[in-house]
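Asks: Heads up: the protein sequence lines correspond to chains R and C, in order. Counting from 1, one number per residue, gives the positions in the first sequence under our numbering. Counting from 1, one number per residue, gives the positions in the second sequence under our numbering.
Accuracy of the hints is not assured; some may be wrong.
Any copy will do: because identical chains look the same in the list, a pair fits if it lies in one copy or spans two.
Heads up, simulated SDA-like pairs for lysine to any residue below, C-alpha to C-alpha not over 20 Å straight-line [claimed, not checked]:
(1) 156 / 16
(2) 162 / 107
(3) 26 / 198
(4) 190 / 14
(5) 190 / 208
(6) 100 / 195
(7) 26 / 66
(8) 162 / 18
(9) 156 / 9
(10) 39 / 72
(11) 227 / 117
(12) 228 / 5
(13) 26 / 67
(14) 211 / 9
(15) 26 / 72
(16) 39 / 70
(17) 26 / 73
(18) 100 / 22
(19) 156 / 200
FYI, nobody ran anything at the bench for these hints, they're computed from the structure.
2 protein chains.
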Amino acid sequence: MPQHNTNLDEFQNRIGYQFNDINMLKNALTHSSYANEIKLKKVSNNERLEFLGDAVLELTSSDYIYRNNQMSEGEMSRLRASIVCEPTLAMCARSFGLQKYIMLGKGEELTGGRERDSIISDACEALIGSIYIDGGFANAKEFIEKFILNDLENKKLFYDSKTILQEVVQARGLDVEYEQISEAGPEHDKTFVVSAKCSDLFHVQASGHTKKAAQQKAAYEALLLLKKRNIDIKPKGKK
Amino acid sequence: MPQHNTNLDEFQNRIGYQFNDINMLKNALTHSSYANEIKLKKVSNNERLEFLGDAVLELTSSDYIYRNNQMSEGEMSRLRASIVCEPTLAMCARSFGLQKYIMLGKGEELTGGRERDSIISDACEALIGSIYIDGGFANAKEFIEKFILNDLENKKLFYDSKTILQEVVQARGLDVEYEQISEAGPEHDKTFVVSAKCSDLFHVQASGHTKKAAQQKAAYEALLLLKKRNIDIKPKGKK
C-alpha cells in the first residue's frame, strides 16, 4: 500500500489548477528516493523540475517585491530570501497538503521524510516548475501569488527573528540567552530542543532539525510573545 | 563633457529594442557612482533593476537549458552558472557596446570602471530588468536569447577551464603549473598577470583583476591552444 495520497483530482482541486498533462504533476511529486526504488521503470525524479521552479519562483517574487516597494536592492534581497527559504516554503506547501501527495521511497518514509522541510520545499518548487511547463508563466505566477506571496510581514519576522530579537532586548540594556535543552534521534535525523530566555521578558522553547533552526524558531516565538504584550518589536531605524 | 555615449537611438538600434519609456533605459544605464555624484537631482541608480533583471536572466536561461537538454540538475546548475557569471555576461554586453553608454561618476571613470567586468555585467542585468518592465517577459526573453544564450560550448569551457585543463594533462601523467608573473595597480584596482605551463604542451599568460580570474583565463587560453593542435580537450566520461 502506498503511503501517499494518490487522489490527484482532489489535489488539483486544492491547488486550483488542472494539468493538461497529468504526468507533469506526477513527475513533480516524485522524490528521488522513490525513483531510485523503482528504477527499472525509469521514472524520473523531480530534481530537474525543481531547478526550473526555483527560477520561476525567484522571478515572480522579485517582480512582486520590485513593484510593491521602493526598497533598496539589499532590502529586496533580504525580503526575497525570507519568502523562498526552506522553512517558509515548506509552511506554504503544508497549507495545501502537498506533503501527503509526495511519492517517497520506503527508507525516507520510515525516517520521517514526509514531514521534512527540505523534501517538502523541494517538491513545492518542482510543482511550480511543472505548472510553468504545463500551463505557462501566467498560471505559475497565479499559483505563486495565491499560495506563496502571502503573510510577508510574518515571514520577514521569522527570517530575521534572531537579529530583530537581539535589537529589541539590547535597546533595554538586556541580552538573549540560548540554551540547548536536548538532542535526540539518529545522526541523519536529529531533533534539537533549544530555549531562549531574557530576564523577566520571556522564556520560550522550540525544536528543529539543526541547532540553528531551533534557535531561529525560539527567537520567533519570543517575538510573537512580545508582540502579544504590545511590546514594540519593529527593528530600529525601520518604519 | 560626458564620457559616455549619449546617443540612445543608436543604442536601441544596436540591441533591437525600442523603449516605450526611455527613462527605463536611462535608469538601467545609471551606475551608483553617477547617481551619487548628482544626488541633488534624485536620480536613482540601476541596482533595483539589476535585482529584477538577474531573476529574469535566471529563469530564461533555466528554461532554455531545461528544454534543450536531458542533463541532471547538477549539470544544469553548472551550465547556468557559466552563462550568468560575471566575465561571460560582461563579454556578451561588450558585443553590443553596452560599456560605452553607462553613466559613471568621475571617480569610477578615472580608475577604469568603464572596462570593469562587474560594472558591465551589473548594467547588463539592469538592462534586462528594464526591458522586462518596459516590454514584458517576451521581449526580455528575446533579448536574452539573441545576446546571452549563444556560444554556450565556449562559455562552459571557460567556466570549467581549470578543472578541464587539469583532467587533460593528468590523463598524460603531467601537471599544470601556475605562476604569478606580476601584480600592479592600486589596492582597489589591481591587475595580476599569471602564467600556466605544462612541460612542452603549453606555456601561456593571462591577466585579471584577481589571481583566480587570471588563472582561469590562462587555463582557457591553454585549452584553446590544445584545441588548435587537435588535442582532445573533452572532459573524461562526458560525451
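Asks: Against which earlier hints does the structure fall short, listed by number upward?
Replies: 1, 2, 3, 4, 6, 8, 9, 11, 12, 14 and 19
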